[in-house]
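Asker: The residues making up each chain are set out below.
2 protein chains.
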Amino acid sequence: MTDAPDTATTLPAAAQRLVEAARFDGQGLIPCIAQQHDTGEVLMMAWMNREALVETLATGRVCYFSRSRSRLWRKGETSGQVQALVDLRLDCDGDTLLALVDQPGVACHTGRRNCFFHAVRGEAFTTIAEPLVDPATLYGGKAGATGA
Amino acid sequence: MTDAPDTATTLPAAAQRLVEAARFDGQGLIPCIAQQHDTGEVLMMAWMNREALVETLATGRVCYFSRSRSRLWRKGETSGQVQALVDLRLDCDGDTLLALVDQPGVACHTGRRNCFFHAVRGEAFTTIAEPLVDPATLYGGKAGATGA
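One line per chain: the protein sequences are A and B, in this order.
In terms of the numbering used here, the first sequence has 44 at position 44, counting the first letter as 1, and numbering is strictly consecutive.
Add 148 to the 1-based position in the second sequence for the numbering used here, that's all there is to it.
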């Protein structure tokens, strides 16, 4: 299904314990918040399955599970906007991850730095950030690009 | 079921548009990341249903939906650790919220400032933050306190 290396057996014991402590939902997924490690900017939220989590810890490059494509989504594999993992934290009850990352460029498939750009301003529900990069540049004009 | 005011009809039009744009999942829920507005600290992630989202926008005080208790969870109703809403943002595809909040005290039911305190350090999967407040103080010694 994927070209992922077989990483499950190569994780250090502490990282393996993190994987074991993570509580995946009924679909085998756990939400992961990506935050720029130095500025604190919340970039995006996406999902990981166990395989994505193991690969992220093994490679130091963030890998999600795309619910729309039902496959591993190595962030940046199409767009080039790779996320380097700086630290990975699990919350109190084990059902949410916080990834501190180094994200050069843009995190959002719309070409914006982060995904959270819809908000109320005055009397309007509006867009509060503009694209920094043309999505057509990120995805080579592919129709239906969803942020890979 | 709840003592919430009937806020649905009192939301300003722009806030109502945000509610309409939010994409709730099959259980009628949407994840909401809470971030301290000035420091950027990611405090927690919880869920809102439509009623919780409307109440949050109407009152300026963050209200979640507790999945374990199946009811609205006005953050701080038991612990006193209320979150004041500073800004609410919806992401690119409408399925995740980012709440910028002012959280005095602690966000986590364990008495820690934020919920993301499990991480790998050296050869250990360990706790990277200590409680600032005794949970027994927050919840009056109630068994099964889950962060209200």
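If you are wondering where the hints come from, they were derived from the structure by calculation, not from laboratory data.
Quick caveat, the model's predicted, so the values are computed rather than measured.
Misleading hints may appear alongside valid ones.
Facing chain A, according to a computed beta carbon distance under 10 Å, are these residues of chain B, among others [as the list claims (entries may be wrong)]:
id: 1; residue: E168
id: 2; residue: F172
id: 3; residue: Q183
id: 4; residue: T187
id: 5; residue: E189
id: 6; residue: M192
id: 7; residue: A206
id: 8; residue: D241
id: 9; residue: D243
id: 10; residue: G270
id: 11; residue: T274
id: 12; residue: Y287
All C-beta atoms in this analysis are idealised placements derived from N, C-alpha and C, irrespective of residue type, glycine included.
Asker: Identify every previously stated hint that the structure contradicts and give their numbers, smallest first.
Answerer: 2, 7, 12
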